[in-house]
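Here the protein sequences come in this chain order: A and B.
Numbering-wise, the working numbering puts 124 at position 124 of the first sequence, and it's gapless, one number per residue.
Numbering-wise, the working numbering puts 161 at position 161 of the second sequence, and it's gapless, one number per residue.
The hints are simulated quantities; they were obtained by calculation from the structure and are not laboratory data.
In this text, a Cβ means the ideal position worked out from N, Cα and C, and glycines have one as well.
Be aware that one or more of the hints could be misleading.
[What the hints assert, rightly or not] With beta-carbon atoms standing in for the labels, derived distance ranges:
(1) Ser505/B <-> Lys25/A: 41 to 47 Å
(2) Leu248/B <-> Gly182/A: 54 to 60 Å
(3) Lys500/B <-> Glu291/A: 26 to 32 Å
(4) Met278/B <-> Gly124/A: 31 to 37 Å
(5) Gly6/A <-> Lys500/B: 45 to 51 Å
(6) Ile37/B <-> Gly182/A: 47 to 53 Å
(7) Gly6/A <-> Arg2/B: 42 to 48 Å
(8) Met278/B <-> Ser21/A: 26 to 32 Å
(9) Arg2/B <-> Arg23/A: 31 to 37 Å
[What the hints assert, rightly or not] Looking from chain A toward chain B, a few residues come up when the C-beta cut is under 8 Å (computed):
(10) Tyr11
(11) Pro13
(12) Ala48
(13) Leu50
(14) Leu51
(15) Met70
(16) Lys74
(17) Gly84
(18) Ile101
(19) Phe198
(20) Arg209
(21) Cys213
(22) Ser241
(23) Trp243
(24) Tyr284
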Amino acid sequence: MLEVQGLTKSYGPLLAADDVSFRLKPGEIFGFIGSNGAGKTTTIRMLATLLEPDAGTATLNGMDLRRDTMAIRKAIGYMPDFFGLYDDVKVWEYLDFFATIYRVPQRDRKAVIGNVLELVNLTGKSLAMAGSLSRGMQQRLALARCLIHDPTLLLLDEPASGLDPRARAELKDLILELGQMGKIVIVSSHILPELAAFCNSVGIIERGRMIACGAVEDIVAGISQNRVLELRFLGDAPAASMWLHNRENVLDTQLTGERTVRLDFQGGDEEQATLVAEIIQEGYPLVSLRESAVDLEDVFLKVTTGAVN
Amino acid sequence: MRAVTDWMSEQWRTYVGNAGSVRDLRSNMRGWNTPVILFCYLGFMVLAAGVFYLGISSSAGGKVSISRIQADLTGFAYMVLGMTELLVGLIAPALVCSSIVGEYQRRSIDLVFSSPVGTKYFLIGKLLSSYRYVVLLIFMILPVLSVGVVLGGITMRWVAETLFMASMHGLLYTAVALPIACTSAKIVPAAAYSLIACIAIALQPLILMVPSLAAGASSFLASMTPFMALPSQGTTTLLFGTAMPNWLLGSLAILLLVRVFTVGAGSALSQAGSADTMSLRIHSLFLVALVTVLVSLSLGASIPFAPSGGSAGGASGHAIFFFIVCCYLYVSLPFVSVWSYASDRKSYPNGLFLARLALRGTPASGLPFLISLVLTATLGTFAMRWFGDLSTLFLDAPYVFASWAFVLLGWSFGWMGSLLGGNQGVSGSRRLFMAFTVVFFTVPWVVLGWISSVLRDSSVATLWNPLTFIGSEPQVAMAKGAGMLLAATVIGLFAEIGRKSQAQSMESRYVGV
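Looking at chain A on its own, in the form it has when it is part of the complex (with noise of 0.2 Å):
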């Protein structure tokens, strides 16, 4: 069990995370979401113990951040968003200094490099020298040594940039897969859709607030109380969108192309209905209408000013 609480930084007058708390369970993957600038890695940074924190706390498993420094990081596996790989050892030795410096038994050192390797897929590669790896290849090799001394939590920031899709969906199913060995993953990332397929819950965080934070369908079932819906005329848009500006229950309007209204709507499946039926009534050729589906992109925009520190 992870248990942030009150985490706060601040670099002189620049505050880069204020009073950050959350709680995360064995299994669950986090998804940590924020613009540049926002406090991600600063977040991430001080539960990996590169940071010392202004004031709060984190325990892991009842070990305190700032008491049980050693302990903690013997529990954390850190993957930062560059890959800070040795380009002169090979695959192996690379492996096999963190499994030393992480006080992996050296009788237990072969058999644990080779299963890293193997759950990274880069088996065949263990003779190959680090730099000569390609960027996915280094990719993985960093999440190996992250893996070598089977940490509890895992902090991934920003693990999927520089990546090809294929790569990108190996790390997924990697993640995935991590998650249910019962390690915590926090993962911080801009590519929202791809932290949705994979993420239990996620946090927002803007100029170092969390701003929301939970499990993903919560988030968006709190954001999405309105309804999105696309609507698709014959013709003459703008003036359907005018009307409906001051229908009831109509927040707010959108003309998103020529034939094409977006529109923010506030009620249930009776009041959509009495929508459709005045619209026609009123005569706008209504050709189709879609409900759509609010997702973490959606609920980031929303949520978030764009306001960097």
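Add chain B to chain A, keeping to what the hints say.
Positioned in the frame of chain A, the structure of chain B alone reads:
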């Protein structure tokens, strides 16, 4: 019992089974570069030996007495060792710098520090990997020296003692580069600064030895510098009535210095406010106390103590030593006294003087920590003399005061340099600190020296340089100290006013956006 075994296993892990040193050595030895370099090095040594042999045989028409050969072989051994020391001085800091700065550049340092290792483990790994390489270089000259042992001229003991001291010098040069590498962003400048620091550290025992040599006594300090290591062979220093070999005392002093530099490097690496930083700062204070007490004791033991009218004007050996300690502390100022909004965020200024933060490592802790260090050094150097004649202590007071003022002036340069150059990060602040130091201490001195040579009046040359106080009369030292303290106060105040104004501007820019 458990704690002891844990401690021992931790030491074993750090010093013997250090994964970082294995990895670095593996990288250093990989590929063709290292064998080629070592082959060229050995080839050069053999070539030098051949040229030397030809020189001997041709000069005497092929008939040379064995005593002549033995004398020449001793000279040859000196030459080979000199070349090796030079090579070690060049290679050791470069290896450390490329290794540590390389970690910064590829950002792998974050990966290491998110694993369960501390700064000590990391730095010892870097130290040992370079040291192993240096030892390899030193011991490669064994075949060349063996000729001297076989034919006479040098003894096995001489070779063993000399190679051991050469390896200790290599260890010292490696350690000197550690703090510099930990605060540099580029390999070449780091290596260049380290080389300068190595030269300075090789020269400083010579300065400190002046009173000792003037008194006709040997000093362990000689074994600490390659310039004097060979003549110091077989000499001893009388400590508490026991003749201790100088190579042993020199090695112990080097190990202490290595510890000081490692702690300095650790402080540069650790996070502001972390337990690591506090522990390292406490270590620094302890080490400064230990070094000053030990050297102070040995100074008293090895030379007839001269409280005034010593070899360097009015200052005693202890005062000269204290001044040298202050020079060392001055070198640490670019890391203790600078701040910047545009750099690593632990350098953000959080005040001028916050004594309660002295051990935390932020800019506001710079001045209190510095004062703690200088105070510790003062007590360490002079405390033991309280048991002797107190009146001699007061004779050194003006020099101690001037040394304090010198360090505080340096601190004010750092604070002002941060105000003017901080927008380029702490490296900009440090560059300005260096510029102020050079301009204040060197340029007027050079200019006045030139003027005095034109006017043929030597008194003009000594008008400016405040650092000549150490060789001056007590009143002059007092006056120069007062001048430096005044300058430090004025510069420090201006810089602080500027910093506050800059802080207000930053507040209005960020807060409430």
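When the nearest CB of chain B is found for lysine 74/A, is that gap smaller than 8 Å?
-> Status holds, d = 5 Å.
Falls inside 54 to 60 Å, the C-beta gap from leucine 248/B to glycine 182/A?
-> With a Cβ separation near 57 Å, leucine 248/B and glycine 182/A satisfy 54 to 60 Å, so the hint holds.
Between arginine 2/B and arginine 23/A, is the Cβ distance one that fits in 31 to 37 Å?
-> 35 Å, holds
Hint validity - leucine 51/A Cβ closer than 8 Å to any chain B Cβ = At 7 Å from the nearest chain B Cβ, leucine 51/A passes the 8 Å test, so the hint holds.
Lying within 41 to 47 Å: is that true of the beta-carbon distance serine 505/B to lysine 25/A?
-> 46 Å, holds
Closer than 8 Å between Cβ atoms is the bar; does tyrosine 11/A clear it against chain B? Give me holds or violated.
-> 4 Å, holds
Against chain B, with CB atoms and a cut of 8 Å, does the hint on proline 13/A hold up?
-> Proline 13/A check passes; min Cβ-Cβ to chain B is 4 Å, inside 8 Å.
Does the interface hint hold: is phenylalanine 198/A within less than 8 Å of chain B, judged Cβ to Cβ?
-> 23 Å, violated
Going by Cβ atoms only, is cysteine 213/A closer than 8 Å to chain B?
-> 23 Å, violated
Taking 8 Å as the limit, does the beta-carbon of isoleucine 101/A come near enough to a beta-carbon in chain B?
-> Given a least distance of 5 Å, the restraint on isoleucine 101/A holds.
Distance restraint evaluation - lysine 500/B, glutamate 291/A, Cβ atoms, bounds 26 to 32 Å = This hint is violated: roughly 58 Å between Cβ atoms.
Has the hinted range 47 to 53 Å been met by the Cβ atoms of isoleucine 37/B and glycine 182/A?
-> 51 Å, holds
In terms of the numbered hints stated before, the structure departs from hints 3, 4, 5, 7, 19, 20, 21, 22, 23, 24, listed from lowest to highest.
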